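> Below are the chains, spelled out letter by letter.
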Amino acid sequence: MSELRWHPLLEEWVTVAPWRQDRTYHPPEDHCPLCPTRPGHPETEIPEPDYYIAVFENRFPSFTGEQGRCEVVCYTPDHDSSLGEQSVEHIRDLIEVWRDRTSELSRLPNVRYVYIFENRGEEIGVTLSHPHGQIYAYPFLPPVLKRELRAEARYIREHGRCLYCDVLQGELEGERTVLSDENWIAFVPPFARWPYEVHLAPRRHRGGLLDLDRDDDESFARILKGLLQKYDRLFKRPLPYVMAMHQTPPGRARNDHHFHVEFYPPNRTRDKLKYLAGSELGAGAFIVDARAEDKAAELREA
Amino acid sequence: MSRGAAAPAEQSAIPHPIPSRKTGRAKTSTPGRLKKRVVPKPDGRYLIYYETP
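Taken in order, these protein sequences are the chains called A and B. Per this note's numbering, residue 1 is the first one in the first sequence, and the count goes up by one each step. Per this note's numbering, residue 1 is the first one in the second sequence, and the count goes up by one each step.
There could be a bad hint or two in this list.
Okay, derived cross-link-like pairs now, DSS-like style, lysine-lysine, Cα gap no bigger than 30 Å in a straight line [unchecked claim]: (1) A:K225 / A:K272; (2) A:K225 / A:K236; (3) B:K35 / A:K225; (4) A:K146 / B:K35; (5) A:K236 / A:K272; (6) A:K146 / A:K236.
DEER-style ranges, computed between Cβ atoms [what the hints assert, rightly or not]: (7) A:H79 / B:K41: 33 to 39 Å; (8) A:H7 / B:T52: 44 to 50 Å; (9) B:G44 / A:R5: 25 to 31 Å; (10) A:H79 / B:V39: 19 to 25 Å; (11) A:I124 / B:G44: 28 to 34 Å.
In short, the hints are calculated from the structure, not lab data. None of these values were measured; they are calculated from a predicted model. Glycine is no exception: its CB is placed at the ideal position from the N, C-alpha and C atoms.
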């Protein structure tokens, strides 16, 4: 099991998992552990010759046993595909998988937060190029979510309204909208910390995947696919990103959190990356050399 | 789990419950259409296949 060490200055947990040093690192394509097992070839993580969507426990977990879980979500058996290349129907089914995993992992006794995410691209540090995402079921509330939930709780106490609902109200003019429909919106928030950061959110107040209805699912799948296609058209190359789902924590009685998905592509141009350096890492203060309104316009046109 | 000095005793305490709001949650989430098949791995981990009906 990992060792959790408390950082008293930042008041947050640091997870120490030394065995992850040995995790699979850029294997050749014919040894991809996330591909289905081909007849006559060594067995991968998925022994069957084909699959639709598959989930398994990470072989090199940060949390396991009584601490929590780390899962790998294989979106497709097609090694050279991507999330954005899947059909809307397939993405809708993937939403169902994410919801099922949220429901099941939330019931584990020590799990305090279920975090669904995807790291895409070598620039992000991805070691397996097969299209996949991950789920961490943490034994603590991660610091970003803790801050977000605290801000939402304070806002609703002071104003009687959901903070994120009011953020969405600020997007009605559409200057920062990338794409939208009657149920969901994708926009570059005015407070974006990355040039091409985008938030995807349901227009109606929903706490997480467990609260979405059929219409929400359909729109979520369409807007998600649309955004990812725009990302890849932007520089005419697969755009690396981190996708981060911010759901309400398991068992939270209050209904003050607004579900949304955040995307952080590291690129500031086609060939230049934004690095987290002195101000961001050492002081926690992001400096962004771009206006959200301009970047949203670029993405709209992509 | 090593908590160390000054670790929080309880991280999720919610001292001020807020009444639910009229704009709240959807009544039901989408019923699933996928079939789920759980297969144990030899090393004790699990693998789940989600399949179309």
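> Which numbered hints does this structure break?
4, 6 and 7
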